[in-house]
Structure formats: structure tokens, C-alpha cells
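Protein chains in written order, with our numbering: chain A, 1 to 222; chain B, 1 to 222.
Hints are computed from structural coordinates only; laboratory data are not their basis.
Some hints could be false.
Note that the list lumps identical chains together, so a pair holds whenever it fits in one copy or between two copies.
Unchecked claim - Restricting the straight-line Cα-Cα distance to at most 20 Å, the calculated cross-link-like pairs of lysine to any residue (SDA-like) are:
hint : residue 1 : residue 2
1    : K78       : P49
2    : K150      : R40
3    : K208      : A67
4    : K150      : G169
5    : K120      : W153
6    : K208      : L5
2 protein chains.
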Amino acid sequence: MSTLLRVDASIRLDGSVSRALADSAEAAWKAEHPDGVVVRRDLGQHPLPATVWPTLAAAQVGQEPVADSDRMPLDEAKAIAADVAAELRAADAVLLAVPLYNYGIAQNVKTWIDLLLIDKELVHGPSPIAGRPAIFALARGGGYAPGTPKHGWDHATPYLERIFGEVFGMNIRTAAAELTLAPVTPGMEQLIDASKVSESEAHVDAEKHGTVVAREVIGTAA
Amino acid sequence: MSTLLRVDASIRLDGSVSRALADSAEAAWKAEHPDGVVVRRDLGQHPLPATVWPTLAAAQVGQEPVADSDRMPLDEAKAIAADVAAELRAADAVLLAVPLYNYGIAQNVKTWIDLLLIDKELVHGPSPIAGRPAIFALARGGGYAPGTPKHGWDHATPYLERIFGEVFGMNIRTAAAELTLAPVTPGMEQLIDASKVSESEAHVDAEKHGTVVAREVIGTAA
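Kindly generate the complete structure, drawing on both the sequences and the hints.
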């Protein structure tokens, strides 16, 4: 029996493309691996409080608590960080569903990553999760492909690849839908068809990744 | 009389290099412009709550509140966003003191930027703050220069430049200190001298930027 950690970051439930892509990946994973367990963390519905990481990071550098600052009790912060890191360490595979928000990493995802990196073994290695598979289910409202005006404006994907690929040493497979705002944004009407093609292709990718990762995990576990 | 908005993001007070650089820039600005006003927002000591932006962004896309999700009252969130945007719009110049945290944008800064971008005029323009000066006072624990092993791992500076330079249309001047962790990190002893040089140069840059920006603001206002 193995575990898939699914992390959602969209602030939407209805109409979230990243959640829909993750649903496709998860369904394919389950179909291949019916006795697998899916553990969920929903950063979109339940963002981690803004004071957890500052409390822990300040303590790590030996900074005395300042009376006036917004912090939380250190023990409480440690418990949250331990919980978050344990969840990642226990996962045989990870499924990240992350929208691009304001050209950058979703704030709730950066908050979560900072908290993971309180675990010094995850930062400096040897990474306890090196070699494990990660599926990225990404949604971007606009188009960011080479040749488009906003090429280079997606500052989130390179950062996610840096942390999960290079710092954690995971093997990343990506399913990304672009132009997801076209169907609901005045002025983007002419991009609706391209948006549908992108979303449809991303679902095919997400399903494929779900299947392949389930097989990989079962094979490794066998 | 003109206004400098100073925003600090370091979770430290004592020993914060970004705060010290901002102190240098601010002192030079004041020396040149004694009747100028400095407005401060300290995101390091008082991070914005994690629920403000999700509440507002969900409302903007017409998402009905979900009973189970962590949100705040919409009116309260709107008041915070209006406050934050008004502060930026009212500033003749901006001084941002931001450390590089975990190779990415500081979580409290992304949270603040997301909130600013709730103001649709700041996103789509014409930017009400285009052409105004911004000083970046940046601190990085390691070395990220071309030729170093971690070149390309600073994912924060390009993002800050994107938002303040390209989205807001501000004129950015940067003072950046690198290797700031060398004096306090075992194994980095051989980099302490280079760290001191970098910090010293950054203070010179910060002072210069403070002086030049004050003159620019006074000139513009005259």
C-alpha cells in the first residue's frame, strides 16, 4: 500500500482548472492502484497562518521574540511544521495542483514550502524524498509560451521545479493548462478555442502521469 | 513635502542586513529632504493574515463562500486591501527591504503584492504610480552571481523587478548584499571577507539611491 499526497492551492472550488487536472491525475492513479491511499492538504481552503514560519525562522536564527511582533507560540508552530514535513516525507508520490497567481508562486504555496524547509534534512540533504515522483497540475490564466507577449512572466513554475526537482530531488511530471481565463474574461474571446485545446491536452497529460506514477510506485514497493 | 513608503520584510530585527541597508537609504533620503515623511509597513513583524487575499480573490471571481474554508469577513478584507493600495498610491517613492528566503520571494511580500493587485488599476493600468522611484534593499544569504554554483537560484529579484518595474512601471534602483550568512554559518568562513565587501558596497549603493531619489522627488514636486 502506498500514499499519494495531494496538495491543492486554488482559492476556488467550482471552476478551478488546477483542481480538475488533479482530479484526473488522482482518478488515473486510483484506477491503477485501488488500495493506494490519498492524503489531502488543501492550502486553498485552509491556508497556513502567516505567523507560523516567521516564528520558527526567527527562533532558528536565535532571534529573541519581540513583544510587539505578530508571532505564535513556538511549540504550536513547531507542531504545524512537523506535521507538514511528516506528510511530505511519508508520501510515496506527490500531486501538486497550483494556479499561477499574479505571475508568481501562490502565496499559500510559498508559505507551505517555507515551512517544509524548516526541516533541515529537506534543505541540506541527503533528501529523504529524492527520486520519488511528483506530478504538477498547473493552471495559468494567460499564455506564457515562447513567442507570446508574456513569455517569461510565469515566475512560479521555475521556482516549483527548483524546490521539488533540485532541492528535494524528486522526478517531476507536469500537466499544465494555459489561457484558463479566456472563457470568463472579456477581450479574451478569440482565445477560447486555444484554451479548450490546452485544457484538454493537460487532462490527457494528467491522466497519463497518474497512471505512470502509480505503476512506478507499485513497482518500487513490490 | 513628499512621502517615502518603507516596507520591511525581514523576520529579524537585530542582525537584519536588509533593514540595515534600508536604514542607510532612509538616512540619506532624510538628509537630502528633511521635511519628507517616512511611512512604514513592517511585513516582517506584522505579516498580513493568510486569509485576506483568498477572501477577496474568491469574491472577485464570483466564488460563493464555502462554509468549511478559512476566510475572513469580506468587508474586513476589503478595508485591509484598500489601506495597502492607498499607501502605495500615496507614496512619492518606495523603499523595499526584502531578504531572499528559500530561493524565492518572501512569503509575506507575495501576500502583500497579491493584495496590492486586488486594485485593478494597479494591474491593468494606466498605472497610477508609473515613473515613480523604487529602491530595493536586498539581502541574500549566499552568492548568486554569474559563475557561482547557485547562479539562477535567486527567484525573488526577477519577480520583484517584474511587478514593480513592468507592472507598476516604477524606476528601480537596487542595493544588494550577498553572502550575508557567511559570518554566522559554519563552513562559510572563507567567504566572510567577500561578505563584508558586498555588504559595504551595498550600503554605499543604498545611500546613493536614497540621495538621488530624494532629489528626484523634490525636483518633481517643485
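Right, here's what the structure says about each hint:
1. For a Cα distance limit of 20 Å, the shortest separation of K78 from P49 qualifies both inside one copy, at 13 Å, and across copies, at 19 Å.
2. For the homomeric pair K150 and R40, neither the shortest alpha-carbon distance inside one copy (33 Å) nor that between copies (33 Å) is at most 20 Å.
3. In the homo-oligomer, the alpha carbons of K208 and A67 never lie at most 20 Å apart, since the shortest distance is 52 Å inside one protomer and 34 Å across protomers.
4. In this assembly of identical chains, the alpha carbons of K150 and G169 lie at most 20 Å apart only when taken from different copies (16 Å versus 29 Å within one copy).
5. Proximity of K120 and W153 under a CA criterion of 20 Å is satisfied inter-copy only: 18 Å between copies versus 31 Å inside one chain copy.
6. Taking the shortest Cα distances, K208 and L5 sit within 20 Å of each other inside one copy (17 Å), while across copies they are farther apart (50 Å).
The structure fails hints 2 and 3 (numbered hints given earlier, in ascending order).
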